[in-house]
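Using the sequences provided together with the hints, build the complete structure.
Those sequence lines, one after another, are chains A and B.
The first sequence begins at 1 in our numbering and counts up by one.
The second sequence begins at 266 in our numbering and counts up by one.
Read the hints as simulated data drawn from the structure, not as lab findings.
Just to be clear, a hint being listed does not mean it is correct.
Just the calculated beta-carbon pair ranges, DEER-fashion [said to hold, decoys possible]:
1. B/ALA307 <-> A/LYS235: 48 to 56 Å
2. B/GLN270 <-> A/THR232: 23 to 31 Å
3. B/ILE351 <-> A/ARG142: 47 to 55 Å
DSS-like cross-link-like pairs, simulated, lysine-lysine; straight-line CA separation at most 30 Å [said to hold, decoys possible]:
4. B/LYS335 <-> A/LYS92
5. B/LYS280 <-> A/LYS89
6. A/LYS235 <-> B/LYS332
7. A/LYS89 <-> B/LYS332
8. A/LYS90 <-> B/LYS332
No experiment lies behind these values; they were computed from the predicted model shown.
For every residue, glycine included, the Cβ atom is placed at its ideal position computed from N, Cα and C.
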Amino acid sequence: MQIPYEVEARPDTGLYNAKLGIWLFLASEVMLFGGLFSAYIFLRIGAEPGLWPHQILELGPAFANTMVLIISSVTMVMGWASAKLGEYKKFKIFTGITVLCALAFVGIKSYEYHGDFNRYGVILADKTQVTGELVKDKTNDRQITLIPDAKQSTELGREYLKKQGEGAEKSGEEQELAFDRKDVVWFSNFVPSYSTFFSVYFTMTGLHALHVIGGAVVIFYLWGPGSRMYFTDRKHFVNRLEVAGLFWHFVELVWIFLFPVLYLL
Amino acid sequence: MSEDQDLQQTRNEVKMHLRIGVALTVLILISIGIALIPFNTALHLVIGLGIAVVMATLVMAFFMHLKGEKKFVHWTMITAAFFFVILIALTLLAYFDYAGSATIFKF
Numbered sequence: 001m002q003i004p005y006e007v008e009a010r011p012d013t014g015l016y017n018a019k020l021g022i023w024l025f026l027a028s029e030v031m032l033f034g035g036l037f038s039a040y041i042f043l044r045i046g047a048e049p050g051l052w053p054h055q056i057l058e059l060g061p062a063f064a065n066t067m068v069l070i071i072s073s074v075t076m077v078m079g080w081a082s083a084k085l086g087e088y089k090k091f092k093i094f095t096g097i098t099v100l101c102a103l104a105f106v107g108i109k110s111y112e113y114h115g116d117f118n119r120y121g122v123i124l125a126d127k128t129q130v131t132g133e134l135v136k137d138k139t140n141d142r143q144i145t146l147i148p149d150a151k152q153s154t155e156l157g158r159e160y161l162k163k164q165g166e167g168a169e170k171s172g173e174e175q176e177l178a179f180d181r182k183d184v185v186w187f188s189n190f191v192p193s194y195s196t197f198f199s200v201y202f203t204m205t206g207l208h209a210l211h212v213i214g215g216a217v218v219i220f221y222l223w224g225p226g227s228r229m230y231f232t233d234r235k236h237f238v239n240r241l242e243v244a245g246l247f248w249h250f251v252e253l254v255w256i257f258l259f260p261v262l263y264l265l
Numbered sequence: 266m267s268e269d270q271d272l273q274q275t276r277n278e279v280k281m282h283l284r285i286g287v288a289l290t291v292l293i294l295i296s297i298g299i300a301l302i303p304f305n306t307a308l309h310l311v312i313g314l315g316i317a318v319v320m321a322t323l324v325m326a327f328f329m330h331l332k333g334e335k336k337f338v339h340w341t342m343i344t345a346a347f348f349f350v351i352l353i354a355l356t357l358l359a360y361f362d363y364a365g366s367a368t369i370f371k372f
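Written as structure tokens, this is what we have:
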């Protein structure tokens, strides 16, 4: 049995089935990420002054990932246009680059997470937070020793370092700071349980990364085994590519907001 | 639109896609540049999110072809955007209930 409007557009909506489906799905995705952004705003404006971290995350990998997604969006739409115009080789090249970009994104994100897991912070009773690299051989049951980051992400952390002496603020100098365990109310590496910010950060970027992986799997299928349809039913294949592209651009759209919200502002 | 016209339009859009890619790159660099300049945090938020909205509009209008899309799609996304705004507004209302106990956007 032939399913109606699988390839041709339905006269009343002007859309074929998959396109109608993907737009409805994307509308629901707006609400999914909208809920998370809303939670982020609520937690951020409710945080006590001076405590919410500002630019605590490494900017380099995030910027690289932004560029990777912009490039992949361009190649995705070029791949779709090439397939539509009957340029199979160009379609293969552009869509292949999109898949490679998706892999690069996941690789860079993993590297970034690895970096986060290797950075530590202590929170003192007065809510001062000092972040830095852990000196493992000088950390024991009685004390925690850090080489503090030159740029602290909270106002209280910056003030604390100033009090410790001018030398601590100079970048490049590895001044160690030892904290007595009894003065420390929280100590861990940057994992979701470290702070509210990191809970939100890992939830949002983790969910986004899952979307990237899902999109990459579909695009890889259309680039590889699924591309056989190009020779048997090109219009249907181009429609599939368009739907995958719409999802991929939505993934970029979400990142466009995640990047400034989590890394810059 | 006939099939030939549709293909011609796709052909014409190829260069535009590249230009949009360049525009997005420039905008993200501006966004980073501004974020690294120390000034008023509220202004940072307005400019940073403003640039993000411009970038998102470019992606939706040109890469997702929302510009020439059917009314049904426009209304679907307008409905989603409407409920998104409601969601954010409710969050802000909850905050303003406790407006005396917290200071907005102080770091």
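Satisfaction of hint between B/LYS332 and A/LYS90, Cα-Cα up to 30 Å: holds (25 Å)
30 Å limit on alpha-carbon distance, applied to hinted pair B/LYS280 and A/LYS89: This hinted pair holds, its Cα atoms lying about 18 Å apart.
30 Å limit on alpha-carbon distance, applied to hinted pair A/LYS89 and B/LYS332: Holds, at about 28 Å.
Cβ separation of B/GLN270 and A/THR232, checked against the hinted range 23 to 31 Å: holds (25 Å)
Proposed proximity, B/LYS332 with A/LYS235 (alpha carbon, max 30 Å): Cα-Cα ~22 Å, so holds.
Range hint compliance [Cβ, B/ILE351 to A/ARG142, 47 to 55 Å]: Between B/ILE351 and A/ARG142, where Cβ atoms are some 53 Å apart, the hint holds.
CB-CB spacing for A/LYS235 and B/ALA307 relative to the 48 to 56 Å hint: holds (51 Å)
30 Å limit on alpha-carbon distance, applied to hinted pair B/LYS335 and A/LYS92: holds (29 Å)
Hint compliance for this structure: no hint is broken.
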